[in-house]
Every structure is written in structure tokens, then in C-alpha cells.
Amino acid sequence: MSTVVTTPSETQIVMTREFDAPRDLVFAALTTPDLLKRWFGADGWELVECEIDLRVGGRWRFVSLGPGGMRMGQGGVYTEIVPALRLAYTESYDDQWFPGVARVEADLSGSTTLVTTLTFPSREVRDLVLASPMERGINESHNRLAQLLGEKNELDA
Amino acid sequence: MELKGYESEALDRMFAALADPTRRAILARLAAGEATVTELAAPFEMSQPAISKHLKVLERAGLVTRGRDAQRRPVRLEAGPLKAATDWLEEYRHFWERRYQRLDALLEELQG
Numbered sequence: 015m016s017t018v019v020t021t022p023s024e025t026q027i028v029m030t031r032e033f034d035a036p037r038d039l040v041f042a043a044l045t046t047p048d049l050l051k052r053w054f055g056a057d058g059w060e061l062v063e064c065e066i067d068l069r070v071g072g073r074w075r076f077v078s079l080g081p082g083g084m085r086m087g088q089g090g091v092y093t094e095i096v097p098a099l100r101l102a103y104t105e106s107y108d109d110q111w112f113p114g115v116a117r118v119e120a121d122l123s124g125s126t127t128l129v130t131t132l133t134f135p136s137r138e139v140r141d142l143v144l145a146s147p148m149e150r151g152i153n154e155s156h157n158r159l160a161q162l163l164g165e166k167n168e169l170d171a
Numbered sequence: 026m027e028l029k030g031y032e033s034e035a036l037d038r039m040f041a042a043l044a045d046p047t048r049r050a051i052l053a054r055l056a057a058g059e060a061t062v063t064e065l066a067a068p069f070e071m072s073q074p075a076i077s078k079h080l081k082v083l084e085r086a087g088l089v090t091r092g093r094d095a096q097r098r099p100v101r102l103e104a105g106p107l108k109a110a111t112d113w114l115e116e117y118r119h120f121w122e123r124r125y126q127r128l129d130a131l132l133e134e135l136q137g
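Heads up: the sequence lines are chains A and B, in that order. Numbering-wise (my numbering), the first sequence opens with residue 15 and increments by one. Numbering-wise (my numbering), the second sequence opens with residue 26 and increments by one.
These are calculated hints, taken from the structure and not from any lab test. The beta-carbon is built from N, C-alpha and C at its ideal position, and this holds for glycine as well. Relax, there's no trap hidden among the hints.
Reference excerpt, derived from the structure (chain A facing chain B, CB under 8 Å, subset only): (1) V19; (2) E24; (3) L39; (4) V40; (5) F54; (6) A56; (7) R137; (8) D141; (9) L144.
Quick list of the computed label-pair ranges, beta carbon to beta carbon: (10) K81/B <-> P135/A: 24 to 34 Å; (11) T127/A <-> T63/B: 35 to 45 Å; (12) P97/A <-> D37/B: 38 to 48 Å; (13) E60/A <-> G105/B: 35 to 45 Å; (14) R69/A <-> R49/B: 33 to 43 Å; (15) G83/A <-> S72/B: 57 to 67 Å.
So these bits of chain B aren't anywhere near chain A, every CB distance computed over 12 Å: (16) R54; (17) K78; (18) T90; (19) A95.
Please work from the sequences and hints to get the whole structure.
See below:
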């Protein structure tokens with residue numbers, strides 16, 4: 015199983031990934047703070063604060079701790095919730111590393127396949143996101159941090 | 026992650042060029058070897074001027090070049106910029122794949 019990334023329109027990024035689990039469990043992993051904290055941080059980032067008000071119009075807010083103590087806050091508002099099937103929300107970052115607000119739709123209607131569609135305000139913003147992965151600053155500091163902690167990063171396993 | 030102005034503009038042109046299905050098909054055809062405009066137009070229900078217009082967009086994005094031969098002016102794929110674009114996609118994909126692998130492990134544990 016691997017992630018497929020496509021750009022079907024000039025403002026979108028679509029990620030498709032199959033999971034070996036029932037979709038209600040995948041949905042729970044996307045919407046339960048205790049579960050999100052266990053997987054959402056990636057490549058040197060850890061999700062340390064996770065607040066979710068799971069109702070349409072409810073807010074979500076994540077704070078991640080990254081290499082060198084870098085803090086990254088992101089959040090938005092839920093716009094559609096169909097348990098085990100669909101989740102849509104807005105997303106923006108505290109430090110505005112990309113301008114404006116993205117719309118995110120996570121769709122599980124294809125059984126165990128999660129299709130995540132990100133729609134950005136413009137083509138320029140979409141391209142910026144593609145060209146500068148969210149791991150900005152991570153590559154150079156990743157090894158340093160691992161050394162500092164004196165442990166092998168479990169993500170590299 | 027600060028993009029310099031010219032890098033950002035080049036990026037804009039490239040992704041804009043790649044956003045069109047006809048232009049992607051042209052690039053796919055050129056990956057198999059150089060071709061003339063007539064040859065490129067053949068599989069599409071499009072006039073040669075329409076194909077030439079697409080080629081100009083691809084040329085401005087640095088994705089193709091035209092040969093000097095005045096008669097044929099064969100079109101060639103320039104692999105460099107295209108590779109840069111696919112590298113970005115690949116890096117982005119890689120970032121999410123790692124994240125999803127953590128989710129795999131969690132889902133497996135939950136079903137334990």
C-alpha cells in the first residue's frame with residue numbers, strides 16, 4: 015500500500031491511500047485527539063496539543079513540536095461530518111507559511127481507501143505547498159535532533 | 026522554504042504548463058522521442074495551430090525545446106525541469122507516506 019499524490023486541477027492536491035482497517039476505525043483515527051497524537055506527527059514532529067470539537071461549525075486546533083523546539087500551530091472549522099464516511103474542514107497555519115485557508119476533504123466512501131483532497135485559494139499557493147513540503151527545515155535538523163536525543167528516530171525504522 | 030522570485034515564477038509556469046491534460050499527453054509522447062508538430066497533432070482532435078499554442082506554453086516553462094532544422098523543427102523533451110517538478114511531488118508524497126505508515130501501525134494495534 016502506498017500513497018498516490020495527484021494534482022487534478024490547478025488549485026488541488028489529492029492523496030489516495032489504502033488502509034488495512036475498517037473505515038470507522040480510520041475515521042476515529044482522524045477525529046480522536048488521543049489517536050491523532052499517536053500518528054499525526056511525522057518526521058521529527060510530535061503532536062502535543064490536539065483539541066477537537068467534532069460538529070459542523072466546531073473548531074479544531076493542533077499544536078506540533080518540531081526539530082529544535084519549533085512550534086507549529088494549525089487549525090480550522092469542521093464543515094461536514096459524516097461518521098466513517100466523510101470529513102471536511104478548513105485549515106490554516108498560525109505562521110501562515112502558506113497564505114490563506116485551505117479546504118480539506120477526507121473521503122472514505124471507497125471502503126478502506128482514504129482520499130484526501132486539499133483545495134487552496136490559488137494555483138500559486140498550491141504550488142508553494144507542493145514545492146516546499148511541510149517538513150521544511152526538517153531535513154537539516156532531523157539528524158542533529160536524533161543525535162541530540164541519542165536515539166534512533168522510530169520513523170526511520 | 027523561502028522561494029526567490031525567479032524560482033517562484035519558474036515554478037508557476039511549470040505547474041501551469043503541467044495542469045493541462047493535452048500538454049501532459051504531449052510530454053508523455055515526447056518521452057518516447059522527439060517529434061514534429063504534425064506528428065504531435067495526429068492523436069488529438071486539434072489543429073496544428075492549437076498544438077503549437079500548447080507547445081509555446083511548454084517551451085516557456087522550459088519543458089520542451091525546438092530543433093533548429095527549419096523544415097521540421099522537431100520538439101524535444103527537456104527532462105531537467107520536469108524532474109524537478111516530479112521530485113517535489115515525490116517529496117510531498119514521501120512526507121505523507123511516512124505519516125500514513127504511523128497510522129498503519131496504530132490501526133493494526135487497535136485491531137490487535
